[in-house]
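Residue numbers (our numbering), protein chains in the order written: chain A, 144 to 361; chain B, 144 to 361; chain C, 975 to 1215; chain D, 975 to 1215.
You may find that some hints are simply not true.
[Unchecked claim] In silico lysine-lysine, DSS-like type, Cα no more than 25 angstroms apart, as pairs:
#: 1; chain 1: D; residue 1: K1048; chain 2: B; residue 2: K267
#: 2; chain 1: D; residue 1: K1197; chain 2: B; residue 2: K267
#: 3; chain 1: D; residue 1: K1019; chain 2: B; residue 2: K264
#: 4; chain 1: C; residue 1: K1160; chain 2: B; residue 2: K312
#: 5; chain 1: D; residue 1: K1160; chain 2: D; residue 2: K1049
#: 6; chain 1: B; residue 1: K267; chain 2: D; residue 2: K1108
#: 7; chain 1: A; residue 1: K312; chain 2: D; residue 2: K1017
#: 8; chain 1: C; residue 1: K1160; chain 2: A; residue 2: K267
#: 9; chain 1: C; residue 1: K1017; chain 2: A; residue 2: K291
#: 10; chain 1: D; residue 1: K1135; chain 2: A; residue 2: K221
#: 11; chain 1: D; residue 1: K1135; chain 2: B; residue 2: K221
#: 12; chain 1: C; residue 1: K1017; chain 2: B; residue 2: K221
#: 13; chain 1: A; residue 1: K160; chain 2: D; residue 2: K1022
#: 14; chain 1: B; residue 1: K264; chain 2: B; residue 2: K291
#: 15; chain 1: A; residue 1: K267; chain 2: C; residue 2: K1135
#: 16; chain 1: A; residue 1: K267; chain 2: C; residue 2: K1019
#: 17; chain 1: B; residue 1: K264; chain 2: D; residue 2: K1197
#: 18; chain 1: B; residue 1: K160; chain 2: C; residue 2: K1017
#: 19; chain 1: A; residue 1: K267; chain 2: C; residue 2: K1108
#: 20; chain 1: C; residue 1: K1049; chain 2: A; residue 2: K267
#: 21; chain 1: B; residue 1: K324; chain 2: B; residue 2: K313
#: 22; chain 1: B; residue 1: K299; chain 2: B; residue 2: K327
#: 23; chain 1: D; residue 1: K1022; chain 2: B; residue 2: K267
#: 24; chain 1: A; residue 1: K221; chain 2: C; residue 2: K1135
#: 25; chain 1: D; residue 1: K1197; chain 2: C; residue 2: K1108
#: 26; chain 1: D; residue 1: K1135; chain 2: B; residue 2: K267
#: 27; chain 1: C; residue 1: K1019; chain 2: C; residue 2: K1197
#: 28; chain 1: C; residue 1: K1049; chain 2: A; residue 2: K264
By construction, these hints were calculated from the structure, which means they are not laboratory data.
Below, each chain spelled out in residue letters.
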Amino acid sequence: MALSREQIAQRVAQELKDGYYVNLGIGIPTLVANYIPQDIEVMLQSENGLLGMGQFPTIDEIDADLINAGKQTVTMVKGASVFDSAESFAMIRGGHVDLTVLGAFEVDANGNIASYMIPGKLIKGMGGAMDLVAGAENIIVTMTHASKHGVSKLLKNCTLPLTGRGCIKKVLTDLAFMEIKDGKFHLLERAPGVSVEEIIQLTEGELVVNGDIAEMKL
Amino acid sequence: MALSREQIAQRVAQELKDGYYVNLGIGIPTLVANYIPQDIEVMLQSENGLLGMGQFPTIDEIDADLINAGKQTVTMVKGASVFDSAESFAMIRGGHVDLTVLGAFEVDANGNIASYMIPGKLIKGMGGAMDLVAGAENIIVTMTHASKHGVSKLLKNCTLPLTGRGCIKKVLTDLAFMEIKDGKFHLLERAPGVSVEEIIQLTEGELVVNGDIAEMKL
Amino acid sequence: MAGFDKVVASYEEALAGLTDNMTVIAGGFGLCGIPENLISEIKRKGTKGLTLVSNNCGVDDFGLGVLLPNRQIKKIIASYVGENAEFERQMMAGELEVELTPQGTLAEKMRAGGAGIPAFFTATGVGTPVAEGKEVRSFNGRDYILEEALIGDFAIVKAWKADRYGNLIFRKTARNFNPLAATAGKITVVEVEEIVEVGSLDPDQIHTPGIYVDRLIQGTFEKRIEQRTTRPADPHKVKGA
Amino acid sequence: MAGFDKVVASYEEALAGLTDNMTVIAGGFGLCGIPENLISEIKRKGTKGLTLVSNNCGVDDFGLGVLLPNRQIKKIIASYVGENAEFERQMMAGELEVELTPQGTLAEKMRAGGAGIPAFFTATGVGTPVAEGKEVRSFNGRDYILEEALIGDFAIVKAWKADRYGNLIFRKTARNFNPLAATAGKITVVEVEEIVEVGSLDPDQIHTPGIYVDRLIQGTFEKRIEQRTTRPADPHKVKGA
Chain A
144 MALSREQIAQ RVAQELKDGY YVNLGIGIPT LVANYIPQDI EVMLQSENGL LGMGQFPTID
204 EIDADLINAG KQTVTMVKGA SVFDSAESFA MIRGGHVDLT VLGAFEVDAN GNIASYMIPG
264 KLIKGMGGAM DLVAGAENII VTMTHASKHG VSKLLKNCTL PLTGRGCIKK VLTDLAFMEI
324 KDGKFHLLER APGVSVEEII QLTEGELVVN GDIAEMKL
Chain B
144 MALSREQIAQ RVAQELKDGY YVNLGIGIPT LVANYIPQDI EVMLQSENGL LGMGQFPTID
204 EIDADLINAG KQTVTMVKGA SVFDSAESFA MIRGGHVDLT VLGAFEVDAN GNIASYMIPG
264 KLIKGMGGAM DLVAGAENII VTMTHASKHG VSKLLKNCTL PLTGRGCIKK VLTDLAFMEI
324 KDGKFHLLER APGVSVEEII QLTEGELVVN GDIAEMKL
Chain C
975 MAGFDKVVAS YEEALAGLTD NMTVIAGGFG LCGIPENLIS EIKRKGTKGL TLVSNNCGVD
1035 DFGLGVLLPN RQIKKIIASY VGENAEFERQ MMAGELEVEL TPQGTLAEKM RAGGAGIPAF
1095 FTATGVGTPV AEGKEVRSFN GRDYILEEAL IGDFAIVKAW KADRYGNLIF RKTARNFNPL
1155 AATAGKITVV EVEEIVEVGS LDPDQIHTPG IYVDRLIQGT FEKRIEQRTT RPADPHKVKG
1215 A
Chain D
975 MAGFDKVVAS YEEALAGLTD NMTVIAGGFG LCGIPENLIS EIKRKGTKGL TLVSNNCGVD
1035 DFGLGVLLPN RQIKKIIASY VGENAEFERQ MMAGELEVEL TPQGTLAEKM RAGGAGIPAF
1095 FTATGVGTPV AEGKEVRSFN GRDYILEEAL IGDFAIVKAW KADRYGNLIF RKTARNFNPL
1155 AATAGKITVV EVEEIVEVGS LDPDQIHTPG IYVDRLIQGT FEKRIEQRTT RPADPHKVKG
1215 A
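If we strip away everything but chain A, and leave its shape as in the complex, we get (with noise of 0.2 angstroms):
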């Protein structure tokens, strides 16, 4: 069965180590913080100017000047530290945070990400996205396999304008655990109880299936 956005998130947390400092995109990249393991610590990092961020503030803490780069009221952990946005993007495009994760619309085959733009439909920008995947060695994408329709988001070539290119090592849909290497997609794990025939049909992108796939552990 499809992960959901919860599991999605469960399974991004395993790939955590201790002491990474972390910057979680909007959406289901921000259900990760619920599911770091209890035995590691690491940081997040919020591209609006804040590394150490906590967790939401109870209705008496709530602060207007503290939000993360959702908008979203949030706190500070201990150790946490505040800077302007030339600083904080030092930290990304300078590749010193260890882990990114973000959502997307399409990947393809040769890393490339679209993720900002559906041309005449959204166009509100591309926020610091543009950064996060041209600073960060280490990036995982979390997004859906398929539309709703069937039709693939893991492409041969993205049709949508680029959020960036060639960026994408690591992918996390609801179905499957995907590396990129060579012009291919790698199949690593796959959800309970979804076939590796499902996936290679749901993939658009050449599908590199090697020996038995194990399915992820949640």
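With chain A fixed as given, assemble chains B, C and D onto it according to the hints.
What follows is chains B, C and D alone, placed relative to chain A:
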């Protein structure tokens, strides 16, 4: 009579205006701080990362963590701020400093300045001088008009490696105050008791003398 | 002798000299840390044909969005826009020019403008619509595009505290683009919540030195929140305990 | 689980992995804010063939100058050097390569290295020996040269206070190049005067966020002064009054 170092500093100080942020180079420029008119306020920038440099400390006030660009122990005035070297030169390069005063070995009629290197003899480096001459709109160069042997330092073309190209518009020597424009020196004032003829003789670059040249008031 | 006293008496005075068709760089992220009252003053003045540089364009009735109904904005350079209906209508109708710029590139363009760096290379946007018409160059085997600096005729900035010399301190994530905008204005106007005595701010802790600030005014702020997200109060905490 | 604790037990551990022919970026201006003990440790280790990036090269018996007698430095990128005799001798003899770089350009090169900006344009050095071999380009009618970023295999930094997460605060003009060096090291090693509890530093007042810091150690410092300039004690002040 040629101006003393103190008199040069005194004359430069007359160019200060209320509310000016000023960078004073090493040597004679440093002395300008002693002649700031009582009825105005200026703030001194030191390029190692201090805005609002004060006088030297008393022995009790000495702080190894508080020095100026000449590596001298200093103090801070009220309203001072400290910043890193990139920020300091953002101020300088970005044209935020109102006046820069610095020394030179040679200046030429095209506004070129040589102040940091004598090949085979003095090669300690330019420090912040190249940034200062490139960044400031308003620079006064203080120097001696000629060498002890009577060789002019106000040249047709600088002979030493340049610190900056076409960036000097005002020069104050022990003999004269000059403006540089259109590839010529223009005599504005002469030191008390120094004749125009004497200045012409010691100026290798073309010198424009328009009408009566007033003596400096000190 | 005014010295370094940057304080002005009114918002009118704060924005004196702002005229039609100028470029204005604004601090703020979403509705957080925006110069609310300076924006209101621009609305009141009715200045038109403005090019705005700001990460966002406010919402329908707050922030830079209030400049939309009277068509005061000709062009906006931003990373994320369209949180309001009138913005979308004007953009779709071609009445409003929008130059989408990645957030980090936008921040760096402001910093570069203030720091006398006319242009810099960045990997952000390579191979995307953002790269169109821009030089691409390879350094150490990777492609980068050339981005140019931004300067404003005016910069409008919101800080938390200031002394009369214009030394600024920002509070939490209301800092965002504000220190960068402050460096990039030919005339930089700052509004703050509190003006304190010169000498009471620790020189080591000033975020923006007064050299970047031309005019300063104290205001009161609504500080509207866009996404009021909360968690339940901690059940272990007993009131009054 | 080590989490974000950056504290190491010894100077040896602090510089573990530093090997011959690496590039080291150092904070400090003159002898102010230099990582004294990390420099001593490099001397003790005897690492050779180093390329050093630092505004200055210390004096004969203090600061980076102590690395000269054993010829540990192959090349130095600096803005102002030669405050010691051995330096001059090695430079003149061609035993030491010196790349003179304007101070502001040096600072910006470090910042660019840390910020993922591979190159930037600056007016500093146009028409001078610094411009040799560099691209010149005109923006808005003025010439600028292209300068490339600097990155170090190691960065060695001196701060005042830190928490164990590596959040740093610098003191007065001992800040100088230190925050820039901190961003530009593949491995950034910081020595401080005091390590304080995590959570005791105000998040708004941290100069260098811990994300840039890999290793942290507390040391004691001589803080030698190069130019001890003083004024007479104020005659109006009465002792004990």
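Does the structure keep C/K1017 and A/K291 at a Cα separation of 25 angstroms or less? Measuring from Cα to Cα gives roughly 45 angstroms; hence the hint is violated.
Would you check the hint for D/K1160 and D/K1049, treating anything up to 25 angstroms between C-alpha atoms as holding? Given pair D/K1160, D/K1049 holds - Cα atoms ~19 angstroms apart, limit 25 angstroms.
Within 25 angstroms, alpha carbon to alpha carbon, are C/K1160 and A/K267? The hint is violated at about 29 angstroms.
Starting from D/K1135, check that the Cα of B/K267 is at most 25 angstroms away, please. violated (33 angstroms)
Does B/K264 pair with B/K291 here, judged by a C-alpha cut-off of 25 angstroms? Since the Cα atoms of B/K264 and B/K291 sit roughly 18 angstroms apart, the hinted pair holds (cutoff 25 angstroms).
Verify the proposed pairing of A/K267 with C/K1108, using a straight-line Cα cut of 25 angstroms. This hinted pair holds, its Cα atoms lying about 22 angstroms apart.
Need the status of pair C/K1049, A/K267: alpha-carbon distance at most 25 angstroms? holds (15 angstroms)
Pair hint outcome, A/K221 versus C/K1135 [Cα-Cα no greater than 25 angstroms]: Judged against 25 angstroms, a Cα distance of about 24 angstroms means the pair holds.
Between D/K1197 and B/K267, does the CA-CA distance stay at or below 25 angstroms? holds (23 angstroms)
Does C/K1017 lie within 25 angstroms of B/K160 when you go C-alpha to C-alpha? The given pair, whose Cα atoms are some 35 angstroms apart, is violated under the 25 angstroms limit.
Is B/K299 within 25 angstroms of B/K327, Cα to Cα? holds (9 angstroms)
Given the hint that A/K267 pairs with C/K1019, does the C-alpha gap stay at or below 25 angstroms? Distance of about 28 angstroms is beyond 25 angstroms: violated.
Of the numbered hints given earlier, the model fails hints 3, 7, 8, 9, 12, 13, 15, 16, 17, 18, 25, 26; all others are met.
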